[in-house]
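Protein chains in written order, with my numbering: chain A, 1 to 284; chain B, 1 to 252; chain C, 1 to 391.
Treat the hints with caution; some may be incorrect.
Stated by the list, open to error - Among chain C residues calculated to face chain B with C-beta under 8 Å, some are:
no.	residue
1	131
2	252
3	363
4	367
5	374
Unchecked claim - Here are the in silico distance ranges between beta carbons for each label pair:
no.	chain 1	residue 1	chain 2	residue 2	range
6	A	114	C	160	23 to 29 Å
7	A	262	C	140	25 to 31 Å
8	C	363	B	3	54 to 60 Å
9	A	83	C	217	49 to 55 Å
10	A	262	C	133	47 to 53 Å
11	A	251	B	16	26 to 32 Å
12	A	114	B	92	49 to 55 Å
13	B	118	C	164	44 to 50 Å
14	A	3	C	204	48 to 54 Å
15	B	11	C	149	20 to 26 Å
16	A	6	B	93	42 to 48 Å
17	B	142	C	377	56 to 62 Å
18	C	236	A	180	50 to 56 Å
Stated by the list, open to error - Stretches of chain B that chain C covers, calculated by requiring three or more beta carbons in the stretch to come under 8 Å of a beta carbon on chain C:
no.	segment
19	24-30
20	72-84
21	115-126
Think of the hints as simulated: they come from the structure by calculation, not from any bench.
These figures come from a predicted structure and were not determined experimentally.
Just so it is clear, CB atoms sit at the ideal spot from N, CA and C, and this is done for glycine as well.
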Amino acid sequence: MGGALNQLPIGLSIGAVLLLIALGLTFTFGQMGVINMAHGEFIMAGAYTAYLLQDVGFPIALPAAFLVAGLMGLALERVAIRHFYGRPLDTLLLTWGVSLVLQQAARDLFGAPNVQVVSPGWLRGSVGVLPYNRLFIMLLAALSVVAIWAYLNRSAPGRRMRAVMQNRGLAATTGIDTGRVDGLTFFIGSGLAGVAGVALTLIGPVGPTLGTYYIVDAFLVVVAGGLGQLKGAVLAAAGLGLLNSYAEFWTNASLAKVIVFVAIIGFLQFRPQGLFVLRSRALT
Amino acid sequence: MSALLEIRGLDVVFDGFRAISGLDLSVEQGELRFLIGPNGAGKTTLIDVVTGLTRPAAGTVRFGGEELVGRREHEIVRLGVGRTFQTSVVFEELTVLENLDLAASFRRPLWSLLRRRRGASPAVERALSTTGLSGLAGQRAGILSHGQRQWLEIGMLIAQEPRLLLLDEPVAGMSLDERARTGELLTEIARDHTVIVVEHDMDFLRRYASQVTVLHEGAVLVEGSVEQVRADPRVQEVYLGRAREEAGDVVR
Amino acid sequence: MTAGGADVTARGADVTAEGADMAATAPVVVRQAPPEPARPRWSRLGGPAAFTATAVLVLVVAPLLLEPFRLGLLAKYLCYAIVALGIGLAWGQGGMLTLGQGVFFGLGGYAMGMYLKLHDAGGDLPDFMVWSGVEKLPALWAPFGNPVFALAMAVVVPVLVALALGTLVFRQRVRGAYFAILTQALAAALVILLVGQQGLTGGTNGLTNFFDIFGNDVAADTTQRGLYLTVAIVLGVLYLGAWQLVRSRFGRLLLAIRDGEDRVRFLGYDPATVKTVTFAMSAGMAGIAGALFVPVVGIISPALLGVVPSLELVVAVAVGGRYALAGAVLGAVVMGYARTYFSEELPDAWLYLQGALFILVMTLAPKGVAGLASGVAAGLRGRLARGRAAA
Chain A
1 MGGALNQLPI GLSIGAVLLL IALGLTFTFG QMGVINMAHG EFIMAGAYTA YLLQDVGFPI
61 ALPAAFLVAG LMGLALERVA IRHFYGRPLD TLLLTWGVSL VLQQAARDLF GAPNVQVVSP
121 GWLRGSVGVL PYNRLFIMLL AALSVVAIWA YLNRSAPGRR MRAVMQNRGL AATTGIDTGR
181 VDGLTFFIGS GLAGVAGVAL TLIGPVGPTL GTYYIVDAFL VVVAGGLGQL KGAVLAAAGL
241 GLLNSYAEFW TNASLAKVIV FVAIIGFLQF RPQGLFVLRS RALT
Chain B
1 MSALLEIRGL DVVFDGFRAI SGLDLSVEQG ELRFLIGPNG AGKTTLIDVV TGLTRPAAGT
61 VRFGGEELVG RREHEIVRLG VGRTFQTSVV FEELTVLENL DLAASFRRPL WSLLRRRRGA
121 SPAVERALST TGLSGLAGQR AGILSHGQRQ WLEIGMLIAQ EPRLLLLDEP VAGMSLDERA
181 RTGELLTEIA RDHTVIVVEH DMDFLRRYAS QVTVLHEGAV LVEGSVEQVR ADPRVQEVYL
241 GRAREEAGDV VR
Chain C
1 MTAGGADVTA RGADVTAEGA DMAATAPVVV RQAPPEPARP RWSRLGGPAA FTATAVLVLV
61 VAPLLLEPFR LGLLAKYLCY AIVALGIGLA WGQGGMLTLG QGVFFGLGGY AMGMYLKLHD
121 AGGDLPDFMV WSGVEKLPAL WAPFGNPVFA LAMAVVVPVL VALALGTLVF RQRVRGAYFA
181 ILTQALAAAL VILLVGQQGL TGGTNGLTNF FDIFGNDVAA DTTQRGLYLT VAIVLGVLYL
241 GAWQLVRSRF GRLLLAIRDG EDRVRFLGYD PATVKTVTFA MSAGMAGIAG ALFVPVVGII
301 SPALLGVVPS LELVVAVAVG GRYALAGAVL GAVVMGYART YFSEELPDAW LYLQGALFIL
361 VMTLAPKGVA GLASGVAAGL RGRLARGRAA A
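All chains should be built: construct the whole structure from the sequences, respecting the hints.
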């Protein structure tokens, strides 16, 4: 029984990482219809940022990773993706090309083998079954969700972002510079992936293909949570994280992913558009 | 004999907004019925419910004795209900003939579609000549003008050989000439089909309508001939009152 | 019902008469586009001629000119081309971007690999099972000793998996990017499953070390040549089948669904059925390709069928031209060659090159090489026609 209880923080912290990754995806997907396969490489960039800054100090690494990954996302959006709006499947393939290039760049810069980031001393230890590092990751995700919520609901740029997400054409005619909003959304979403990368250094090694391990699950969070839905993303990420860790615990690691996949397909039979749907009268 | 289409106690709700409330409507076999009403009266929503695109909160839609509510779109088409859309959708990559052929072939079993099309079936020939598109049969539908697209859509509907046709604003955005041509087409089709037309255009209505149903705020306001409806003070109130409101309204 | 039908026809005939009448007297001018000019004969014969020329090149010239090693490589690319053909059908024609074709390829490959392993073991346990400490042949493996069963399963299992997934997903109108993500997740899940079930699947190493196929030494040049010809002929037959399908009513319907799925419902068809059937066909092709791949290359392993190989094939199709079946096939062969060449000559640069090539194709030529070629051809034809008109 103690074993099963141990899985709880593991599942929730994986869920928290997935949430940080999926937040960016769900907003870029929901707002621009863009499937960004390079999102995983922003995680990797964040993780390597933490690796480079580990002597400077962990607290610096978080904002630095946000900035590095965010700027990479912004650059990607400005240079390439914005020419592809309305062609989601093409962007998917385009960004996969970008992701290949970034992975190879990481290999050339940092070497192919994994590197280990030394966790700061104050994150070692635990309360009961709850290790500090996993607790920290959960808090980080919770803080990010609150920040995003406040941004969307309490700030002018956040409201503009919601407007664009609900009706791009109408938002544009009311004088919103949708291009700027898109860039900002990409910056924030990619930045959060960078933060997720820092979080991952607390629970495992860092390598050029770090992002590929999480990107598929993060996409499943988006699918299950509903497009552009904060609430949906939170619930789906927690659910998927827990399902993953308990499926691994009760069966074995190799079956877990299959179980998760079957669960998602089963879930879509009841909620084909995810947990929450942005409803509109417009018929597609 | 009961009506071909019988709608009873229909309610449609979109996130708390009541688009249709307690609507009753009957359409007899062979009728040409016009549905009019101000913006937001629920005309298109009504068509959407009949064709399975929108699920009502309550009420029944019976077509030739069969309940339509709860069926999927293609099943309703297979029962003999066809429709067009406000913004016409034709398959631009296919030729005019192929568009019509696809519309005419849906009753065939799937495996028989694996064979190639040879020539045009009688239903397709008929649709071509009725709509006057014979000269364009081999052209890709992507090159058609707006009016021709609408005719192609109507042609696809005829090729389906439905028992009930629902046309959603067939003359919207058409030139005067195109309107006249569409009107003739409509009269032509109505001769041996049951047709429901949603239309805004009063001039078009005066010229081609016989039976008119006026919708207002999701319910039937008045039913009758064009003259009766035009003379009805409630209809004038709805249209004129609405016009006054809209003048002061900024949105849309 | 019969009476009603007859009635409709009778009335229909009436409509035609009047319709013709009306068209004659209609006072309105219908803007008539000029009728399509009859295509010259060479253009109508172009397709079959190109196919025959390619067939001769592949079946006669290539085996004569290429040394066995190169011929083996070509056989491998042609296996990929079979998968690509399926992707072209599902994605190019049907709009279903499947990022999990590796799954079906792998299922076909493992079915074949299981047979070859059992055949080589000759009643004993396959070597890798002994190494992983398996003592008794697993029940799942037993029937695969029969070659007919194994070959049938190489097609049936992928088709069934695709039918199940397609039915569940398309019926719920899950499509586009969502479908792509789900197929990718399936590929990721299968790889982890295969790696984890060491005793059943050979784990990361997969199934390899084959010696004998239907009484021939797998590694012998003559066997490899025979395998090459088999792959080429299978590809040719499947290509003709797919070509016929695309030109049939079913193919037109598939295009219509790609461009307007919701509209097709109002024509009385259920798009979910059509999409599921097409997806299952593409899965069957991938399964066949996998079964052929195993004796040609001598291995099937998780690394050959995961997320990345699946995506690479989609890339190949996009580069060749997704809207043309020939483009898909060509893309797979060309990308296969490019991969071999660059990873031999410039191993470090290959990933950069592949990424860059892909970004360029998506940005500059989303219809791929085939799209560029047909654009050029149309341009030339236009110029010729203008020249003639001027003369």
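Each hint tested on the structure:
1. 131: 48 Å, violated
2. 252: 5 Å, holds
3. 363: Hint violated; residue 363 of chain C Cβ to chain B Cβ min 23 Å, cut 8 Å.
4. 367: Violated. Min distance 13 Å.
5. 374: 14 Å, violated
6. A:114 to C:160: 23 to 29 Å: Because 39 Å falls outside the window, the suggested range is violated.
7. A:262 to C:140: 25 to 31 Å: Check failed, 19 Å falls outside 25 to 31 Å.
8. C:363 to B:3: 54 to 60 Å: For residue 363 of chain C and residue 3 of chain B the Cβ distance comes to about 58 Å; the hint holds.
9. A:83 to C:217: 49 to 55 Å: The hint (49 to 55 Å, Cβ to Cβ) holds, given that residue 83 of chain A and residue 217 of chain C are roughly 54 Å apart.
10. A:262 to C:133: 47 to 53 Å: 29 Å, violated
11. A:251 to B:16: 26 to 32 Å: 44 Å, violated
12. A:114 to B:92: 49 to 55 Å: With a Cβ separation near 51 Å, residue 114 of chain A and residue 92 of chain B satisfy 49 to 55 Å, so the hint holds.
13. B:118 to C:164: 44 to 50 Å: This hint is violated: roughly 36 Å between Cβ atoms.
14. A:3 to C:204: 48 to 54 Å: 27 Å Cβ-Cβ, so the 48 to 54 Å window is violated.
15. B:11 to C:149: 20 to 26 Å: At roughly 57 Å between Cβ atoms, residue 149 of chain C and residue 11 of chain B fall outside 20 to 26 Å, so the hint is violated.
16. A:6 to B:93: 42 to 48 Å: 57 Å, violated
17. B:142 to C:377: 56 to 62 Å: 19 Å, violated
18. C:236 to A:180: 50 to 56 Å: 54 Å, holds
19. 24-30: n = 0 at 8 Å, threshold three: violated.
20. 72-84: holds (count 7)
21. 115-126: It holds, with 7 qualifying residues against the three required.
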